[in-house]
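Participant: The chain contents come next:
Number of protein chains: 2
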Amino acid sequence: MTFRLAASAPDFETAFQAVLHAKREVSEDVNKTVAAIIEDVRARGDAALVELTAKFDRLELDAAGLRISGEDLAAAEAKCDSATVEALKLAAERIRAFHARQLPAAEDRFTDEAGVELGHRWTAVEAAGLYVPGGTAAYPSSVLMNAVPAKVAGVERIVMVVPTPDGVVNPLVLAAARIAGISEVYRIGGAQAVAALAYGTESIAPVDKIVGPGNAFVAAAKRQVFGQVGIDMIAGPSEILVVADAQNDPGWIAADLLSQAEHDASSQSILITDDAAFAKAVEEAVEGQLKLLSREKIARASWEEFGTIITVDKLEDAVALVDRLAPEHLELAVADPDALAARIRNAGAVFLGRYTPEAVGDYVAGTNHVLPTARSARFSSGLSVLDFMKRTSYVRCDAQSLGRIGPAAVALAEAEGLEAHGRSVSIRLNK
Amino acid sequence: MTFRLAASAPDFETAFQAVLHAKREVSEDVNKTVAAIIEDVRARGDAALVELTAKFDRLELDAAGLRISGEDLAAAEAKCDSATVEALKLAAERIRAFHARQLPAAEDRFTDEAGVELGHRWTAVEAAGLYVPGGTAAYPSSVLMNAVPAKVAGVERIVMVVPTPDGVVNPLVLAAARIAGISEVYRIGGAQAVAALAYGTESIAPVDKIVGPGNAFVAAAKRQVFGQVGIDMIAGPSEILVVADAQNDPGWIAADLLSQAEHDASSQSILITDDAAFAKAVEEAVEGQLKLLSREKIARASWEEFGTIITVDKLEDAVALVDRLAPEHLELAVADPDALAARIRNAGAVFLGRYTPEAVGDYVAGTNHVLPTARSARFSSGLSVLDFMKRTSYVRCDAQSLGRIGPAAVALAEAEGLEAHGRSVSIRLNK
Numbered sequence: 001m002t003f004r005l006a007a008s009a010p011d012f013e014t015a016f017q018a019v020l021h022a023k024r025e026v027s028e029d030v031n032k033t034v035a036a037i038i039e040d041v042r043a044r045g046d047a048a049l050v051e052l053t054a055k056f057d058r059l060e061l062d063a064a065g066l067r068i069s070g071e072d073l074a075a076a077e078a079k080c081d082s083a084t085v086e087a088l089k090l091a092a093e094r095i096r097a098f099h100a101r102q103l104p105a106a107e108d109r110f111t112d113e114a115g116v117e118l119g120h121r122w123t124a125v126e127a128a129g130l131y132v133p134g135g136t137a138a139y140p141s142s143v144l145m146n147a148v149p150a151k152v153a154g155v156e157r158i159v160m161v162v163p164t165p166d167g168v169v170n171p172l173v174l175a176a177a178r179i180a181g182i183s184e185v186y187r188i189g190g191a192q193a194v195a196a197l198a199y200g201t202e203s204i205a206p207v208d209k210i211v212g213p214g215n216a217f218v219a220a221a222k223r224q225v226f227g228q229v230g231i232d233m234i235a236g237p238s239e240i241l242v243v244a245d246a247q248n249d250p251g252w253i254a255a256d257l258l259s260q261a262e263h264d265a266s267s268q269s270i271l272i273t274d275d276a277a278f279a280k281a282v283e284e285a286v287e288g289q290l291k292l293l294s295r296e297k298i299a300r301a302s303w304e305e306f307g308t309i310i311t312v313d314k315l316e317d318a319v320a321l322v323d324r325l326a327p328e329h330l331e332l333a334v335a336d337p338d339a340l341a342a343r344i345r346n347a348g349a350v351f352l353g354r355y356t357p358e359a360v361g362d363y364v365a366g367t368n369h370v371l372p373t374a375r376s377a378r379f380s381s382g383l384s385v386l387d388f389m390k391r392t393s394y395v396r397c398d399a400q401s402l403g404r405i406g407p408a409a410v411a412l413a414e415a416e417g418l419e420a421h422g423r424s425v426s427i428r429l430n431k
Numbered sequence: 001m002t003f004r005l006a007a008s009a010p011d012f013e014t015a016f017q018a019v020l021h022a023k024r025e026v027s028e029d030v031n032k033t034v035a036a037i038i039e040d041v042r043a044r045g046d047a048a049l050v051e052l053t054a055k056f057d058r059l060e061l062d063a064a065g066l067r068i069s070g071e072d073l074a075a076a077e078a079k080c081d082s083a084t085v086e087a088l089k090l091a092a093e094r095i096r097a098f099h100a101r102q103l104p105a106a107e108d109r110f111t112d113e114a115g116v117e118l119g120h121r122w123t124a125v126e127a128a129g130l131y132v133p134g135g136t137a138a139y140p141s142s143v144l145m146n147a148v149p150a151k152v153a154g155v156e157r158i159v160m161v162v163p164t165p166d167g168v169v170n171p172l173v174l175a176a177a178r179i180a181g182i183s184e185v186y187r188i189g190g191a192q193a194v195a196a197l198a199y200g201t202e203s204i205a206p207v208d209k210i211v212g213p214g215n216a217f218v219a220a221a222k223r224q225v226f227g228q229v230g231i232d233m234i235a236g237p238s239e240i241l242v243v244a245d246a247q248n249d250p251g252w253i254a255a256d257l258l259s260q261a262e263h264d265a266s267s268q269s270i271l272i273t274d275d276a277a278f279a280k281a282v283e284e285a286v287e288g289q290l291k292l293l294s295r296e297k298i299a300r301a302s303w304e305e306f307g308t309i310i311t312v313d314k315l316e317d318a319v320a321l322v323d324r325l326a327p328e329h330l331e332l333a334v335a336d337p338d339a340l341a342a343r344i345r346n347a348g349a350v351f352l353g354r355y356t357p358e359a360v361g362d363y364v365a366g367t368n369h370v371l372p373t374a375r376s377a378r379f380s381s382g383l384s385v386l387d388f389m390k391r392t393s394y395v396r397c398d399a400q401s402l403g404r405i406g407p408a409a410v411a412l413a414e415a416e417g418l419e420a421h422g423r424s425v426s427i428r429l430n431k
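One line per chain: the protein sequences are A and E, in this order. Going left to right, the first sequence walks through residues 1 to 431 as the UniProt record's numbering numbers them. Going left to right, the second sequence walks through residues 1 to 431 as the UniProt record's numbering numbers them.
If you're looking for bench data, these hints aren't it; they were derived computationally from the structure. Small disclaimer: the values here were computed from a predicted structure and weren't measured. Where is the CB? At the ideal position from N, CA and C, for every residue including glycine. Careful: at least some of the hints might be erroneous.
Subject to a maximum C-alpha distance of 30 Å in a straight line, what follows is the list of computed DSS-like cross-link-like pairs (lysine-lysine) [to be verified]:
id, chain 1, residue 1, chain 2, residue 2
1, A, K23, E, K32
2, E, K32, A, K32
3, E, K23, E, K280
4, E, K23, A, K32
5, A, K291, A, K280
Quick look at which bits of chain E chain A covers, simulated, 3 or more residues with Cβ under 8 Å [claimed, not checked]:
id, region
6, 78–90
7, 377–385
Next comes chain A alone, as it looks inside the complex (with noise of 0.2 Å):
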């Protein structure tokens, strides 16, 4: 049952709170599981990997046959039709010009009128593994996103990990990896992947960073894994909360909110509009859309699941509620789109105006379509160049200026009972 509600009904506040706080994830307790992988690889290493490649993806290989080559890769192109790989390259170079824009300045070095000298250097991190899944959610697309902005940042060093079960792989997937420029990839998956990134063998050299997304034990190893290496967030299902008025063809926004309910049947598409009738028929368009897809059933389980129509006195009224459900993807399908977009705080990314869809996001537009889920907008951000550097500071005193903001310290260091931080400084006055 799609939930429908009123801003201006008297039982508003409670039924908002439930699309609020809808469980959508069922998590599954794979941690004792995966913890057992991760200690078997650290221990044996290629000869783990090559038995739970073996058990997992019955896939039998030696340890020089984890690596798919630079021949299998290019061969992998070429099987490919060529339009697909024209799309993927418009999309890489559109993401790239993108994240480069992010590139923060190398450096900033500032004496103030202490005479101390400051500042901050961004270093690229040194080597990233991107988690691509196999089987039916190999996006290519997403390899393009993950990895573009790690070499847009600098990162040297980009290693891939994609399952291969019974030997089947994507070609599509292994395709963007070329374009994206990744020439290190593994037919491996699973938390034993994951374990390999984070802990090196004798055929795969450590990481400094995971990122990408994968199932409930790939999710369960980065968890387990970080603080060994950075990992990225942990992404949940799809949502997309779409903004409208009545001058949209009803056609369109049916399309754009089963394109998140198809990826997955704990997705969640909203709709918000200030006209009951508009409404009404766009729930006539989903429905007669849902029979059009190959992917229905999904898509149909997370419509009448999670689907959600609010109805509201005027759209302005729509920016408080937009800033409560921090979409992942915002579409404002409005006639001042912008006017709207200013006023809104929680949102991984927003979609512009009638001719705007979600998807040219997923693909094409230039943007990540790596986002926060479930809420965290208000606090994270989509992926960014930024993901894949870090930041250092710089302080350097003279004996000067050491003589005006030491004494400070001192003071500071006494209160709380560290005089060894105190004499540190204190031993360097007056010298």
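Assemble the complex: chain A is given as a structure, and chain E must be docked to it using the hints.
Facilitator: Using the frame of chain A, we list chain E on its own:
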């Protein structure tokens, strides 16, 4: 036994690996206890906070007494030594000035050659919670280091929690809160305080992000509420790595090494030098200064268990070792620190030259003292203004620009088997 390594020794790599992988932290498994406390606070709100505070802090309150009033904050500041308060104010102003330069441009919008309007906007997190430990680890400087960047970012509501065991609170911690502009302070701590910040109670509204150091219970609680709210890094024991030539006063370098050793028996202090006689002189100075410390026992335990002295043939050989150690704090007490610094990739903060003891960075340099530990400087950065902000991306197509990039999106959606994605674009083409 302090580690003593010579880079030219045949067993150096083995010995260095032992230093790299020394297990310094014993992680208590408190997850079950913490999960029960979080559940209790979610279920019973203020009543649970009152009970748990009576139990753990031996403090009888009613719900109205959870908050520390503005009068109490002012009274605490009035009790403090005025020179110390002035030092805190100097520190706050210098931290503010340094962090103000981290503020990103609020917005970047541009139209590319395809006619697609793209951009992003940075906004502040709406509400942040700051955990401050009670008892001996109550450091007013940490209040400033966490609160000032949040203020600079534009966080509208900053909530501080600090346990007051037996009703005792460090007045300097409250003075620091006032100086940082925090007015909402609660006398609660432990996992129950983290739960209250994440989920809210009748008298405490929830926040979006929680930062600040704490014991094993606080760290476990932060991990468990992550996702519901954002969290900062989970900091490990502190570290200092000093690269020093023989031109330094051994006593100065000994003081610097001890300034981190005195924090915690698990802290680690490392010296890298190109002069064995100098190394010996520093060791003797450490021994001499240890005896002067009221925290001698802690500092000695740290120095004897984890302290390390590495001699290298020439100072440039330190670069590769520094990058592998990825220290939280790096001092370059050499003639040309910039030349070395330019070649180093992994460090949280760098202190340049002979007159820049690390302790100035703990208090008054202006840089942040919340820095990546346990080699995580390979992939993460110190606390900054960006940790209290998030970025929303923007895309706008019109009919023409969608006509240019839309067909590639349709091609990729079809290649990925996502028909509704494709339809949401194709339905708008040629309209």
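Participant: Going through the numbered hints above, which ones does this structure break? Give me the numbers in ascending order.
Facilitator: none
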